[in-house]
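K.L.:
Sequence:
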Amino acid sequence: MSGLMRDPKISLIIDEKWRSAVLPIDDLEINSDFIPNEEENEGSKECAIDLDRKWNEHLDITTR
1 MSGLMRDPKI
11 SLIIDEKWRS
21 AVLPIDDLEI
31 NSDFIPNEEE
41 NEGSKECAID
51 LDRKWNEHLD
61 ITTR
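Start counting the sequence shown at 1; every next residue gets the next number (the numbering used here).
Be a bit skeptical, because a hint or two may be false.
Restraint ranges, calculated between C-beta atoms of paired labels, are given here [to be verified]:
no.	residue 1	residue 2	range
1	Asp7	Asp60	37 to 45 Å
2	Asn56	Ala21	39 to 47 Å
3	Cys47	Lys9	51 to 59 Å
4	Asp60	Lys17	48 to 56 Å
5	Leu59	Trp18	33 to 41 Å
6	Ala21	Ile49	33 to 41 Å
7	Ala48	Val22	30 to 38 Å
8	Arg53	Arg19	53 to 61 Å
9	Asp15	Asp52	37 to 45 Å
10	Ile49	Pro8	49 to 57 Å
11	Ile10	Ile61	52 to 60 Å
What the hints contain is simulated information worked out from the structure, not anything from laboratory work.
Idealized CB from N, CA, C, for every residue including glycine.
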């Protein structure tokens, strides 16, 4: 058997601490300024579709 083996008791303690940890992101609130409205969302969709099309064209050119 290779590698280091952990003591099972220590493993259980570490696993329990890890499961009960509170990550900082849990406390974050989303500012309403960051929630897009419908008009902005349509523009973003068009931009994303255009970028996706250009990326696919680039891939087609580079893989020939």
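K.L.:
Hint by hint, note whether the structure agrees.
P.N.:
Taking the hints in turn, this is what the structure says about them:
Range check, Asp7 to Asp60: about 55 Å between beta-carbon atoms, so the 37 to 45 Å window is missed. Judged by the Cβ atoms, the range 39 to 47 Å given for Asn56 and Ala21 holds: they are separated by roughly 41 Å. Checked against the hint of 51 to 59 Å, the C-beta distance between Cys47 and Lys9 comes to roughly 54 Å, which is consistent with it. A beta carbon spacing of about 50 Å between Asp60 and Lys17 agrees with the range 48 to 56 Å that was offered as a hint.
Checked against the given bound of 33 to 41 Å, the beta carbons of Leu59 and Trp18, roughly 40 Å apart, stay inside it. The hinted range of 33 to 41 Å is satisfied by Ala21 and Ile49, whose Cβ atoms lie roughly 40 Å apart. Checked against the hint of 30 to 38 Å, the C-beta distance between Ala48 and Val22 comes to roughly 34 Å, which is consistent with it. Checked against the hint of 53 to 61 Å, the C-beta distance between Arg53 and Arg19 comes to roughly 44 Å, which is inconsistent with it.
Hint check: Asp15 to Asp52, Cβ distance near 41 Å, so the stated range 37 to 45 Å holds. For Ile49 and Pro8, the hinted distance range of 49 to 57 Å is satisfied, since their beta carbons lie about 53 Å from each other. A C-beta distance of roughly 55 Å is found between Ile10 and Ile61, which places it inside the suggested range of 52 to 60 Å.
Hints 1, 8 from the earlier list are contradicted by this structure; the remaining hints agree with it.
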